[in-house]
Each structure stands twice: as structure tokens, then as C-alpha cells.
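The residues making up each chain are set out below.
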Amino acid sequence: MTAPAYTLPDQRLESRLDDAKPAFTASEARAEAERCLYCVDAPCIKACPTSIDIPRFIQQIATGDVLGSARTILQSNILGYSCARVCPVEVLCVGDCVYNGWHKPPIQIGRLQRFATDAALTREASTGRRVLTPKTAAHRRRVALLGAGPASLACAAYLALEGHEAVIFERNALPGGLNTTGVAPYKLHAEDSLREVEYVRSLGVEIRTGVEVGRDVTVASLLEGYDAVFLGIGLGADTRLSVPGEDGAGVVGATAFIERLKNEAGFTVDGVRRAVVVGGGNTAIDVARELAKLGVSDVAMVYRRSAKEMSGYEHEMHHARVEGVRLVENAAPVAVVRSDDGAVTGLRVARTEKGSPVAGDERVLDADLVVLAIGQSKLRALAGEFAGVELDKRGCVVVDAVTKRTGHAKVYAGGDCINGGKEVVNAVADGRDAARAMMRAWG
Amino acid sequence: MADLSINMCGIRSPNPFWLASAPPANTGEQVMRAFDAGWGGAVWKTLGNPIVNVSSRFGAVDYAGQKMMGLNNIELITDRPLDVNLREIAEVKKRYPHHAVIVSLMVESKDEWKEIIRRSEDTGCDGLELNFGCPHGMCERGMGSAVGQEPKVLQEITAWAKEYARTPVLIKLTPNVGDIVEPALAAVAGGADGLSLINTIKSIVGVDLDRMAPLPRVGVASTNGGYCGPAVKPIALHMIAALAREPGVRVPISGIGGVSNWRDAAEFIALGSTSVQVCTAVMHHGYKIVEDMIAGLSNFLDERGMTLDQLRGAAVPNYREWGELDLNYKIVAKIDADRCIGCQKCVAACHDGAHQCIFTGPDDRARPPHAHAHGPAKAPRPLPLGRLAGDRVPWVDEPECVGCNLCALVCPVEGCITMTEVAHEGGVDTWNDRVRDGRDKVPGRIFE
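Going line by line, the protein sequences match chains D and E. All residue numbers for the first sequence refer to this note's numbering, where the first residue is 536 and numbers rise by one. All residue numbers for the second sequence refer to this note's numbering, where the first residue is 45 and numbers rise by one.
As a list, the in silico DSS-like pairs of lysine-lysine whose alpha-carbon atoms are at most 30 Å apart:
1. Lys111(E) / Lys556(D)
2. Lys137(E) / Lys158(E)
3. Lys378(E) / Lys639(D)
4. Lys957(D) / Lys556(D)
5. Lys556(D) / Lys828(D)
6. Lys556(D) / Lys581(D)
7. Lys581(D) / Lys378(E)
8. Lys581(D) / Lys957(D)
9. Lys111(E) / Lys639(D)
10. Lys581(D) / Lys422(E)
11. Lys246(E) / Lys332(E)
Residues from chain E that keep clear of chain D, each with C-beta distances beyond 10 Å, as calculated:
12. Leu126
13. Val221
14. Pro420
Since the hints were derived computationally from the structure, they do not count as laboratory data. We treat Cβ as the ideally placed atom computed from N, Cα and C, and that holds for glycine.
Just chain D, with the same shape it has in the complex (with noise of 0.2 Å):
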């Protein structure tokens, strides 16, 4: 492996955070294997967005070979160390386990995954030794790829697999997209996104952090010197509520404020003692928990709609019940309330019906910190450069469904700026596809 390229500062807050799901030790991984029933036509397979051939990973866990695991783990999910870690699993691979019906625990099919991972990755910086072996291309072409989160890490490492040159430009100073400053810490810290970022490098993929396509390198210059381009650019600001008292101190956004807290040397959330959480996505629980776990003692989620209309998942919201966070669901927020030197003292929320704030009925939840998770901007100016590359009515760049082709036939696009937002294991299915269309593109 190559020496690591990014470092990032002692003293940050994200490291108070353990892992809420732990590493296996061998036993245990090996006892948890052996409980697997090796099914016939999987469920699990079905469910993973990257289809990993999950049974025969945890067969070669169970019978020894933990680097055969990780290869058959990689192949199909080339970031399977980190999806081992975000994946939310409950409603994915192990929310299907034949066991859920039979009401025994399902096999903890992440923590498995994380375990041949783990091993496989360390073996290979320790020792040299490839889990995957890049080949050499008889004709070698170049992609430029812009972001450097999980969908262009995906589609650059599978291009570069094959010998081709896959070049990622980031605007940030740190590569990996929202495994680096977004994911909670609790599922993964930034630095085994960097980990696992430069393993990505040391098959042979390039990373120019600190360059913005538009400003330092032009659009026309990317067609123009490399066979296709891939669009990982994600999506942009948090977005605000436009309700009086917003701006100023005290009133941040979700994604801002996670980049900060897993960052950012020295940030603190010390002089915080309540918090009004809005939203109702994973964003919102993530932050929510978060801030629960860093000591906070009033954690409140505000949500226009009924708990069980959320969007975040509902064993994640079952967790952040067990660490405190309590849901003021059927709210909106109105305004900011600030004292007169200006600090946040409260979130006034007006009840809402369906969805709509009913005039008049009206409380304050008291704050003096208010973190807003209720979405995020589109990149539309950027994706609008390439011409022919089309947005949808909400601002995600259209692809073929199976290509990630835009309507540009150079330009191709995955992750969070053609879905709006998923998870992960989305955007490497997205990145891999697409490295897969272009090499059969180009015959």
C-alpha cells in the first residue's frame, strides 16, 4: 500500500464515540458463521443493493479462509469494509434472513462482512499481498471522476481493476464523501473511511483533493482529455427553513455541524445542554443520537408528521429512544427565539395537522442549539455544465437505470446526485455499474 496521503487532527470529537456495533473477535465470528443455513436462491443476496454472494463469504469465515471472504466480499462490493460498518442491515441483508421468520436472531451479517474486511485489509498493508489483484488493460482509457465519495471510489477502483486510469477530483482537503464527514461515529470514524480510501489508491486510483471542477479545472477540459466522466458529486448545503431567528449562531445544519463533530480538531458540543433536532430522515436520527451519546441531556426531535411516517429507519429511531432522544412528532418549526444579545434560547413550533401547522396553536421547545436535517441542496449547476446531462424535477441528474449513463454519451453518474440520497451500498452499486458500462462501451 502507499503511504497515507490524508491525516487528519488529534482532538476530535467523533473519537469519543465507540462503535455501536463492535468488531468480532475470530470465535466469535466463527461461531456467529456457523449458524448460517447456507441458503438455496438466498434472500440476503436479494437484498443487498450490490448482490454480494453473502452465504459463501460467511462459509469461507466459517471454514478458515478469511482473505477467500473478503475477495468474494470485494468483487462484488469493492467498498465492503465501510458498507460492513453504514449498511443499514436491519432492513437490508439481514432484515431478510430466513431466521427473522422464525423468530431467531438473524445472522449479523455486518459484523461478518466487517470481520473479513477488517482482516483482509490489514493482511494486505502488513503484508503486500492482494485480496484483488489489479490486471493490465490491452487498451487503457481515462476517467476523470468527479467527487470523491462512495460512487466515483467505486467506479474509479473497478476501472482501475482493469487496468484503466480513473482519476477522482474532490473539492474538499479530505476524499471520501460522507464516510469521511458524514456517516454517524458510532458506524464508522473518518479515519477507516481514509483507510479505506487508500486502499482504493493502492489499486492504482488517483485523488486530486482541493480541486473544484468549474473553478480550477474546466468541464470542456475533462471531456475533451479522458474517454468518460462520471458524475459522484452528491448533494450540496444543508437546506434552510426560512423562518424568522434562523440565521446567526445556534442554528446549523445537520451535515455541516457532523462534518464538524468528525473533523474538526477541538469542536465541541460542551456548553450545550438542549437541543431541538428537525427532521425526520436518517440525517435527523443520526444527529439526534449523536448528540445524545456526546452527553447532551435534552435531545428533542421535532417532525411535521407522526412517528411513523419518518423516513428514518425504525430500529434507528428505536435506539436513539434507548439513548434518550425524545420525538415531538406533529410540529413544525415558526421561528428561531433568541434573548437580546442574540443566542438560541428556543425553537417555536406550531402543531401541525397532516403535515400542516394549524395558526394559533403554538409552544416553544426550548433550545440553545438547533440543528437542521431536513434535506439537502442539488448540485444544479455543476451537472448542468455538461450538455446533454438532464435533471429531474427534483433536481437529481437522470441516468439509464442500468447503464448510470446520462443523456451525454460520455457522461455518466451515480450516488447521491442521481437518488436524492440513499445509502451507501447504493452508490457503490451506482459506481460499479457504471465502470462496467463504460469498459463494455468501449468494447
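Starting from the structure of chain D, add chain E where the hints point.
For chain E alone, kept in the frame of chain D given last:
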């Protein structure tokens, strides 16, 4: 509570559960603790001229997350001085007069047999067990299984022992023979009062793939050992049953080989054992397991209204030759859709390992070209939807099902796949019947 006491060729014991001659019966201190725990008898670790043992000594086969499905050992007979063992045996017998204490013996010359039998019986022991079974180490010196594999020698030494012994003599047989009946008949001809079997099976338990050495490893190398534990139970059951139905064997049998619980013991007794001997289960879990064995066997007998005497040998008449089995008997697999979890293990097992008659999905399916029935396999309509597995529940093409049991064996859910008897015309028809009536020609013979 059922009366579990036994009298095996004059050796009385409060229950049929004896420690086998092995590490759990190595010392007086152990045997007394075992008796306190509830064991009815103990066959002392084999006495002879003391030897030197190696390190390491045991190896095991684990299976699917469970430890010690099979155990292999390369330990020899006792490595403690003879007089120490004899003093402890006398002490145990004095303190536990109603328990069975049997001394296992293994020496070479007739004089040695005479002397060790005399000194053993002076302890007040209840009987002797001649170890003609050990398949490792001792056999290289002409003892153990080297005797058990030579019926003439076995008979001669048995006769020597009977000449000197005042207490009952059991002969412990090795399973490392072509036909267990031969050494058994030799033992009976030599005057044996009872038979103990099986001793361990010659084995190599595994290979250390880093050092390229067999296991259990002694330095850079290993030797073959003796295999025992749950894995060998089927082999033991067969050999015991073979002797139980052999008219020439009229002596009681002490059953050994993978007995781990009361149910195993009941099976050994049903196939003709009077006592059962246990080693591996004690080495795995300790003496305490005998509590469940006593309670379980007693509860079983009470529930059935049976005595131990009635259980003994009850299954022997139904152990028959293949030629006596009913060719008209037919069963087919039935899948309980509501119990099915949709793992489809049965589908792979049936298609790859059996007779290609379990399918999935709503459509009729083409039968393989070698099928016996005509046309496609008919999918049930409507397709049964399982409470747990929905449309993943497989279905059975009953006309093609041969009733092999494999699907039910691989199914992880108890009671999900049931083998159900199908009505058939005509009475019992065995192969032997067919031979007798000249109906034993099946089409497709080498020479028609």
C-alpha cells in the same frame, strides 16, 4: 422412579452407568467423586507394567460450532505404579461397597496375567476387564488391539484369565476388525463372562497444515490414535446389535461408544447392552452429567411403564438383514408450509444429493430426463403460501419422491418436513421373498 440396578454376569451396580477405563477413572480420588456424583460403576484405567505417556495426548473434531464431536487419544495405559493403583482400588471398594469396581488389565505373559489378576482381586474388586482393544501404542508391543484382532490369541489369553480369576471376566473388544462376531465368539469360547465394546477406532484426527504434522502433535510428529465420542456411536450400536442377535454370544454386553446422555444409553440398552460405559462425555462435561442420565432413563421407563429388563434388547429383533425389509413400504415427504422458513436447503439436497423431486415457484416444472413418472411435475394450485416464508415454500413432486429422508434430515426446522406413509396394495414383500419365488430379476441386468 424406575429400578435402574443391574446384575451383569454377577457384577451388581445401582445403575447401568459406568465410567469407561480411561482418564476419568484414573485415580481413587476421581472414582470416589464420580460415585458421589451418581455413577454406578467404574472400570479403572488399565493396569499393567507402567508406561511413559507423551505430551500432547488428545485431539478433537469440532463440527458446526460444537466442540468435540469426536475425540482422539494417544494416551497409553496407566502411568502410575501398580501398588498405588491397587491400594486406591481397595480403598474405593471399602468405602463404596455397593458400587461396581472393575479393574481393566493389560499385560503380556501368562505369568504376568496370573500375578496381576491375583493382586487385582485381592483389592476386593467386583470384576476384571481385559483390554484387548487399545489401537495405539500398546498394540505395537503385542498387546491391546493386537490381541483383539487375533481370535486365537484372544481366546487363549481369555482362557488363562478364566483359569486364575475368581471374579467375572469381561473382554473388551476392538472395533478395528472386519467382523466383530469372530473375536466375540473367540472370547466366549475362552470362557468370557461378558463383553465390553467398542474400544476406540484407529484414527488420525487431523493434520496441522502449517507444520505438516498429524494431530495431536508431539514435537514434530504424531501417531495414530483411538477415536471415540459421539461420532462413533453408530459404529458401536451396529457392533453391539450384531453380537446381541448372534446366537453364539450368550453373555451380557457392556456397551461403549459415544454414550453422552440417557437417550444414547437407552438406545444401547435397547440393542442389547446391560451396562453402558462413558468416557468422552465426562471428559467434555464432567461427572455431573450422570444426574441427567439417571433421571432421564428413569423418567423414560416410568413413562413407558417399562422395566430396564424389558428395555434390554427390545430393538434387537427389528435389526434385520436388508433382504428382510419390506419393498412395498413407501413414504413421501410432506412440507408444512407454515413451519417452513424458506431456506430451501431441501431443494438443493433433493436436486443435487437425492432424486430431483422438490421444486419452488408457481409453475409446473419439467422433470429430469431420468424421471420415472411421465409429464411435468405438477405445481400445487394454489401454491401454498407459508406464514413465515411466503412463496419461498418448496413443494414435493410426490410421484417421484422415493422417501429417502434426505430433505427432512437437512431441514433445520423441527416438524417442518414429515415423511408420511403412503397406502400401498399387497402385503409385505421382501427381497428374500422374491428370491424364494424367483421374482428377483430387475430389468437392466449385466447379463439378461
